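Q: Sequence:
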Amino acid sequence: MSSVQQLRDFIRERLTAAAEEIFIQVEKTIVRYEEELKLQEGQQLVLTEETSVDPLSYQQTEAEPTTEQLYSYYGSESQTQSSEGTVSTVSQSLSHRNTDSSLKCDFCEKVFNYKNNLVQHRRTHTGERPFSCKTCGKSFSKSSNLKVHMRSHTGERPFICSICGKALSSNRHLSDHMVTHSSQRPYGCSVCGKTFSHESSFQYHMKGHNGDKPYSCDTCGKRFILSSSLLKHMRTHTGERPFCCTTCGKRFAQSSNLSVHMRIHTGEKPYSCPTCGGSFCRRAGLLRHMETHTTEGSSSTVLESQSHADTKNMSLKCEICERVFKKRFNLKEHYKTHTGERPFCCETCGRRFSRFSILKVHKQTHTGERPFSCETCGKTFLRIYNLNLHQKVHSGERPFSCDTCGKSFSRIDNLNLHKKRHADERPLKNQQN
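With the first letter of the sequence shown counted as 1, position 227 gets the number 1316 in this note's numbering; the numbers rise by one all the way through.
In case anyone wonders, no lab produced these hints; they're calculated from the structure. Being a predicted model, the structure only gives us computed values, none of them experimental. Note that beta-carbon positions come from the ideal geometry of N, C-alpha and C, so glycine has one too.
In silico PhoX-like cross-links for lysine-lysine, where the CA-CA straight-line distance does not exceed 20 Å:
{"hint": "1", "residue 1": "Lys1416", "residue 2": "Lys1283"}
{"hint": "2", "residue 1": "Lys1425", "residue 2": "Lys1449"}
{"hint": "3", "residue 1": "Lys1283", "residue 2": "Lys1415"}
{"hint": "4", "residue 1": "Lys1236", "residue 2": "Lys1223"}
Here are the in silico distance ranges between beta carbons for each label pair:
{"hint": "5", "residue 1": "His1298", "residue 2": "Asp1265", "range": "18 to 26 Å"}
{"hint": "6", "residue 1": "Arg1500", "residue 2": "His1354", "range": "24 to 32 Å"}
{"hint": "7", "residue 1": "Ser1233", "residue 2": "Ser1317", "range": "15 to 23 Å"}
{"hint": "8", "residue 1": "Gly1282", "residue 2": "Tyr1304", "range": "22 to 30 Å"}
{"hint": "9", "residue 1": "Glu1288", "residue 2": "Lys1452", "range": "39 to 47 Å"}
{"hint": "10", "residue 1": "Cys1435", "residue 2": "Ser1264", "range": "40 to 48 Å"}
{"hint": "11", "residue 1": "Arg1101", "residue 2": "Thr1215", "range": "52 to 60 Å"}
{"hint": "12", "residue 1": "Gly1216", "residue 2": "Asp1301", "range": "18 to 26 Å"}
{"hint": "13", "residue 1": "Leu1506", "residue 2": "His1354", "range": "36 to 44 Å"}
{"hint": "14", "residue 1": "Tyr1304", "residue 2": "Glu1436", "range": "24 to 32 Å"}
{"hint": "15", "residue 1": "Arg1101", "residue 2": "Glu1198", "range": "47 to 55 Å"}
{"hint": "16", "residue 1": "Leu1506", "residue 2": "Glu1408", "range": "33 to 41 Å"}
Work the whole structure out from these sequences, hints included.
A: Right, here's the structure in full:
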């Protein structure tokens, strides 16, 4: 073998080794950029072994250069420069590509480092929502938002508050919840004085004062500030219940109702009475329980700790009869008694009702459905309220007692009827005397 051939073989071996090291380092650099992109996106990216696309996803893929091409590109420096120096050159070129002005939004001219970020940003202008929930049909612009939304159907709440133990479906919701443990409420309404810990809640509240309700129900004409509120309202007309309990199969119209229902299975009771220590799965149950305590200070403590909204001593008065309510929802429902509004209609008999819950119970008179049954005697009832009253017959519980004669009753309406008899007896005694 001639010395010239030996020299060629030596150079070829050195170039091949250098090329292999270069591509190994380039591949590591690409993986590092893809990992950074994955962190920014908040999504899991699956990397295949044969990935040859750089972080900007070029449409055209270049053929792998030959040894001679590498030698002609890098020149004699390939033999003297370390592989780290070459990789540094490649990294610098990638960095320059990331700041390319071609990654600019056509609508607002905002510049992005990654093509995927630009694609997602454009959806804020176009309104595109390519990721759709197969359960309820709601669509999202990002797959990560769809993933969080799916937890509203499954009941999954992997993020736990370290202070009170409350479980939430996303890290953002956990961050919002942590503010409730702080006394800071920097956003104040100049109209009514109500304060908020989150700017989004404050802006939503201000729309109520401004009368900005662009979303209207085609069935009853009711208007809403948010499209999501309209979507929830429409379910009262359609009867749609997209949120299903994975344990018992019961369905709900709202994810919040499913979350409360899940506490029946998990035994979670986040609301506790500061007076006696009793715990409850719903705040309404705690407030009803607090009525059994005569100390007003205890009641105010509960209201203060459980909800900032109800601590405001703002009277919601009916303009027609001047009746006062603690909650705006109850005031709106009360107005229907004056206006005669009955937006919910029975398809069988045409009878109309002011509330969907009343219509639902009414429909059972047509179907014969009596879903609540007594475990003792098997008697069935339309409403759980009637079942609870009936069960007192078996338990012998008589919580309502007469102040005059001490006789006790299982139902308050029976006690009231009994008291009328005492009232009727008094005039007769006065006449005899």
